[in-house]
Amino acid sequence: MRGWTRASATTKGMGIMETTTSQIPTLTLDDLETPPLSLSQLAWRRFKRHIPAIVGLVVLGLLVLYAMGGSLFISEKYANFNDTSIRLQSPSAAHPFGTDSIGRDVLARTIYGGQISLLIGLTAVVVETLLGILVGALAGYYGGLVDSILMRITEAMLNIPEIFLLIVMAKYFGGKIPEVDLFGRTFSGSVIVIVLIIGLTSWMYLARIVRAEFLSLKENDFVLAARATGTSNFEIIFRHIMPNSIAPILVSATLGVANAILSEAYISFLGLGVQPPTATWGNMLDGANNYLDSAPWLWFFPGILLLLTVLSINFLGDGLRDALDPRSRAV
Amino acid sequence: MTRYIIRRLLQGIPLLFIISVVLFALMMSVGDPVATMGGRRVTRADDYERLKRQLGLDKPIYVQYIYWLAGNTWTKTDLNGDGIAETPGKRLGILRGDFGISLVDRMPVMQVIGERIPNTLILMLAGELIVILGALIVGVYSAIRQYSVLDHVLTALSFIGYSMPIFFIALISMFVFSVLFKKWGLPYLPTVGMFDPQAGKTITQVIYHMILPVISMSVVSLASYSRYIRSTMLDVLNQDYIRTARSKGLPRRSVIFVHALKNASLPIATIVGLDLPFLLGGAVVTERIFAWPGMGRLFLDHVNRADTPVVMGSLMLVAVAVIIFQIITDVVYAWLDPRIRYD
Amino acid sequence: MIKKSVSYTLFAIFMAASLVLSGCAGKVATQVAGGDTPPMPPTTFPATNVPATTVPEKKVATLIFTQEFDNLSPLYSDMWFVWTTWQMFDHWAWEFDSNNEPFPVLVTEIPSVANGGVNADGTVITMHLRKDIKWSDNVPMTAEDFIFTWQMAVSPQNTVSTTYPYDVISTVEAPDPQTVVVTFSEPFAPWLANLWHGILPAHILSPIYQADGTIDNAEWIKKPTVGCGPYNFAEWETASFARFVRNDNYWGTPAKIDEIFIRFVPDDASQTAALKAGDADMGTFIAYSDVPGLQDAGLKIVIEPSGYNEFMFFTLNPEKNNPALQDVRVRKAIALAINRDGINTDLHFGLTKTPASFWDALPYYNNPALSPYPFDPAQAKSLLDAAGWIDSDGDGIRDKDGVKLEISHATTIREDRQDVQAVMQQDLADVGIKLDVNPVDDTLFFASYADNGPAARGEFDIQEWSDGPLFPDPDIYYWLCDQIPTDASPVGDNWFYICDEQLDSLIKLQSTQVDPIARQATISQINQLFYDKVYIIGMWQDPDVYALGSRLQNVKFSGVTMFYNIAEWDLVP
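Residue numbers (the working numbering), protein chains in the order written: chain C, 1 to 331; chain L, 1 to 343; chain Y, 1 to 573.
Keep in mind that the hints are not guaranteed to be accurate.
Stated by the list, open to error - Taking lysine to any residue pairs in the SDA-like style, the calculated list, with each CA pair at most 20 Å apart, reads:
#1 Lys-90/L to Gly-213/Y
#2 Lys-77/C to Asp-430/Y
#3 Lys-90/L to Asn-217/Y
#4 Lys-48/C to Lys-90/L
#5 Lys-201/L to Glu-237/Y
#6 Lys-77/C to Glu-406/Y
#7 Lys-59/L to Ser-489/Y
If you are wondering where the hints come from, they were derived from the structure by calculation, not from laboratory data.
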């Protein structure tokens with residue numbers, strides 16, 4: 001974005017001046033070469049060409065609007081209001097998505113559930129990314145003993161099956177964290193537990209990727225130069241090498257959100273996820289297990305919303321990966 | 001390289017110790033195996049005391065860990081509750097190959113696990129094979145015919161595939177292909193189990209019952225593997241040496257399969273190699289839904305009953321397999337790619 | 001551009017297709033009619049005349065169990081799923097029919113004071129065994145087997161699941177091979193319901209016990225190949241299935257069905273799918289939400305009272321729990337504020353009712369019959385006002401002297417319980433009480449006092465789970481004062497921290513009263529006490545719910561010895 005338009009104007013201007021003075025139209029070197037595009041410009045151009053990614057972005061935006069904006073129209077009290085006499089009604093004018101097993105409006109629950117699902121996805125990824133970057137950068141940069149120890153820890157964590165950690169942590173922290181009040185909503189402490197669990201069980205993959213990036217990047221000349229000028233290790237890691245490896249981190253983080261949302265559904269199936277009455281798309285799907293054919297609206301709507309969210313995030317991540325791929329020649 | 005292997009193996013031993021300690025400590029917080037003993041009622045107080053003593057659960061955690069690790073033949077246990085330990089212990093401990101006795105069904109752990117491993121391997125290996133083959137076909141085709149119609153269709157399908165929670169796929173497919181197809185008079189698949197008890201455990205029965213679980217499991221992995229293969233193939237196909245090979249006039253088939261695929265298969269082999277040991281763990285959700293008698297179900301059932309010996313036994317088995325396979329994968333990776341160097 | 005849009009059209013078609021499929025998937029759940037019929041004992045099938053077929057094809061019935069047995073031996077398991085199998089290959093001395101009335105099986109008649117089987121003060125019980133009983137290997141059953149069973153139950157070398165009631169027996173003697181004399185040190189009223197739940201074969205296990213010092217590792221415990229029931233154990237493949245074949249050596253009427261398979265299917269939705277597809281003939285522990293769908297598919301739902309009911313128990317530890325609950329008016333207000341009938345009618349399709357008494361499944365002891373507190377939020381509010389709890393700060397929650405009326409409630413993680421928690425939260429919020437819900441995983445919930453089990457430590461004001469007396473005996477022991485766990489004596493079953501002198505003495509009295517009339521009077525007093533002091537709130541009945549396929553005939557269930565008439569079951573192709 002280095003004054004692209006201005007440079008082009010001057011170039012063009014010079015070109016025109018050139019032609020008027022010499023009668024023979026010659027193109028200057030400036031006309032043949034455009035200023036090089038920065039990484040973000042290049043990435044944006046490539047991203048724009050990736051139709052699924054654009055679609056994903058739009059759909060995701062709509063879904064976020066649905067979940068967050070919906071609460072402006074429907075109060076939480078309405079979402080939690082149950083009336084067992086109108087339970088399991090199919091979609092109607094009063095309840096466009098039907099009612100659930102104790103008579104709550106499914107539409108309202110998908111809105112508030114969506115908030116929690118998206119929240120879990122985002123915060124779990126923040127936890128996971130921070131941990132992954134920290135471990136991967138330190139292991140990759142310092143190498144030697146530090147690398148050994150950190151990689152053994154990573155391996156140990158990878159060895160313990162995720163399902164075991166999920167079950168154990170969910171059981172252990174189960175009733176211990178009380179209800180939390182955030183942004184005017186009260187939700188069960190198990191949300192925090194789930195965020196921590198998902199974050200603590202998925203950082204290993206990012207750590208390995210970051211470590212691999214660091215291992216190869218630290219051999220480069222610019223690192224040598226930075227060291228020669230006496231830059232501190234901390235600065236080298238975070239100001240010099242890190243920005244060059246932002247691409248896989250960004251892609252991994254984006255796909256991690258999708259993964260976190262799916263993991264939440266998975267844990268809910270085992271009964272250990274966010275506990276009702278706080279709704280999430282995952283535990284709504286789990287609650288629909290006994291009503292697969294008798295009340296399909298119970299799983300259809302949260303299922304579609306979940307699918308669309310995860311799908312659009314995956315498309316987005318795929319687009320980002322293609323756009324940020326340093327080895328791709330496409331412009 | 002030999003030094004590297006030996007070093008990794010030696011590093012693996014303390015790792016296993018640490019894993020076992022962490023897992024054992026975590027198992028203590030999973031619940032109380034004697035609380036209900038699977039019954040509908042809480043265990044009576046005096047039975048509770050007696051059972052805890054008889055099963056060795058009244059000892060402090062570190063003592064229980066030592067007994068699990070090295071046995072208790074050198075010490076005496078108090079079986080009749082008089083406070084005096086008089087019976088010599090019979091456990092040998094895992095270091096001597098005794099995985100212990102399950103708290104749930106009082107059978108030796110190795111027997112319990114041994115009965116389930118073949119069932120799991122049948123399911124998981126079949127699934128893995130289908131996933132690899134399918135992903136190769138889909139991924140290579142997508143890469144060669146990038147941006148074609150079929151590529152887009154396959155891309156869309158694979159995205160949908162790994163955007164759905166697996167239990168959802170499993171339940172819906174069970175419902176559609178077993179219950180609904182039967183209702184509509186179409187040829188249908190069986191719902192649950194590994195075989196029909198009346199027909200016996202024949203190969204056709206097992207395959208017939210395996211179709212739905214394998215499909216449910218594979219959809220997700222196939223989607224992600226095929227995307228991965230597609231992107232590595234694309235990477236390779238854009239390389240200069242491929243362009244050289246094409247310009248030299250080599251037949252397309254040779255270019256793709258001999259030159260491109262061989263180079264693309266390196267990261268694929270890594271991924272597969274790292275996934276293999278986890279096959280031992282089975283697929284918890286799929287096995288539960290389809291009532292497949294495998295390791296995943298063993299794990300879930302026994303964790304729910306807080307059965308420490310069985311859970312520890314199966315987790316340690318998986319941990320050992322993971323460590324060994326990681327070493328194998330790293331070695332194979334280094335051998336295939338001469339640019340990788342280990343100090 | 002065109003090519004890409006094709007793929008998205010296909011995507012849209014796929015979505016539409018799944019919508020159509022789900023629409024065809026079935027009818028909307030209809031409310032099951034008959035909301036005011038009480039849970040009936042299972043109806044018998046009309047006897048069908050099956051014409052004698054020329055080709056006798058093997059009759060094989062498949063049952064689904066949602067949990068796998070941990071072993072198959074009497075004495076070694078508390079699992080419901082193991083208890084049900086005992087009637088297949090083993091017998092109790094006397095078993096219980098579909099009305100939960102005892103009838104003699106291994107004995108010639110049930111001992112009573114009238115026939116001299118029970119002595120005057122109820123401390124000696126004499127049983128006369130039938131002469132024709134033999135084990136499947138032709139060895140006759142004698143009193144030796146009974147004595148051996150008792151010895152194994154109380155032996156400290158055996159890891160039996162419970163020693164009750166064998167540990168209160170002084171001696172078991174056999175004056176002759178067909179007579180068993182049981183002597184108690186004190187009159188023991190619950191003997192009829194609790195003694196002789198399965199007999200061990202002495203001729204097989206005694207040598208093992210002599211050699212090993214324990215029968216824990218005996219093959220018979222997991223694979224009881226020798227039995228005395230209508231079926232013989234054939235095989236058990238873990239996690240997969242178990243098979244029982246007809247015992248052709250049976251001393252009674254031979255069974256009609258040739259083989260019984262039991263499949264283990266842990267997931268509810270999978271069990272329902274298997275039943276609907278006809279892959280099995282019987283399902284167990286059917287969830288109420290599945291009932292309409294199964295009935296539509298042509299299965300019969302049978303409900304058998306099992307003695308269990310779902311209760312909310314108040315924990316009244318003055319140090320730990322909300323002091324508001326010490327006031328009986330607050331407890332009564334809570335009982336009045338929750339629409340329990342609505343829960344039973346709407347969520348359980350009227351298949352269960354609100355239990356008024358802890359002995360709801362034993363109507364003899366619920367006499368005169370109590371009826372549960374009605375749904376009356378207005379009265380609840382006035383009770384709370386009278387008790388001094390008013391909403392002084394307008395936040396919707398009542399308070400008094402700076403303490404808010406916030407009650408903590410805990411139960412295990414189960415969908416139906418959590419659904420009800422949400423309904424209760426709303427009902428109680430309507431009268432100004434805030435209910436904090438805490439679902440806890442069940443192995444953690446029921447952990448002992450020493451293991452910091454939250455229920456044992458009385459951490460929550462209200463605990464909820466399904467319980468009942470020692471059915472079919474009315475004995476209880478939870479509320480005894482000496483059963484309150486403390487640091488000094490951490491074993492104790494009174495997790496409610498209630499020490500009520502009157503209640504304590506009544507409970508101790510009833511367990512010694514061998515005379516049913518006297519016992520009925522005592523228990524009626526306990527019932528009245530529970531009602532007046534609102535120590536418990538009954539939520540719903542928790543019977544055994546079975547689903548029967550159309551092929552099975554003559555099936556009856558008991559709440560105690562579930563498959564008691566398994567020899568009469570028949571299969572119609």
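_Lys-90/L and Asn-217/Y were given as a pair; does the straight-line alpha-carbon distance stay at or below 20 Å?_
The given pair, whose Cα atoms are some 13 Å apart, holds under the 20 Å limit.
_Pair hint outcome, Lys-59/L versus Ser-489/Y [Cα-Cα no greater than 20 Å]_ = holds, 17 Å
*Are the Cα atoms of Lys-90/L and Gly-213/Y separated by 20 Å or less?*
With Cα atoms ~13 Å apart, Lys-90/L and Gly-213/Y stay inside 20 Å; holds.
*Restraint status (C-alpha distance of Lys-77/C to Asp-430/Y at most 20 Å)*: holds, 13 Å
_Hint check: Lys-77/C vs Glu-406/Y, CA-CA at most 20 Å. Holds or violated?_
Distance of about 19 Å is within 20 Å: holds.
_Run the distance test for Lys-201/L versus Glu-237/Y: straight-line Cα separation, threshold 20 Å._
holds, 11 Å
*asked:* Run the distance test for Lys-48/C versus Lys-90/L: straight-line Cα separation, threshold 20 Å.
replied: The given pair, whose Cα atoms are some 70 Å apart, is violated under the 20 Å limit.
When each numbered hint is compared with the structure, a violation occurs for hint 4 only.
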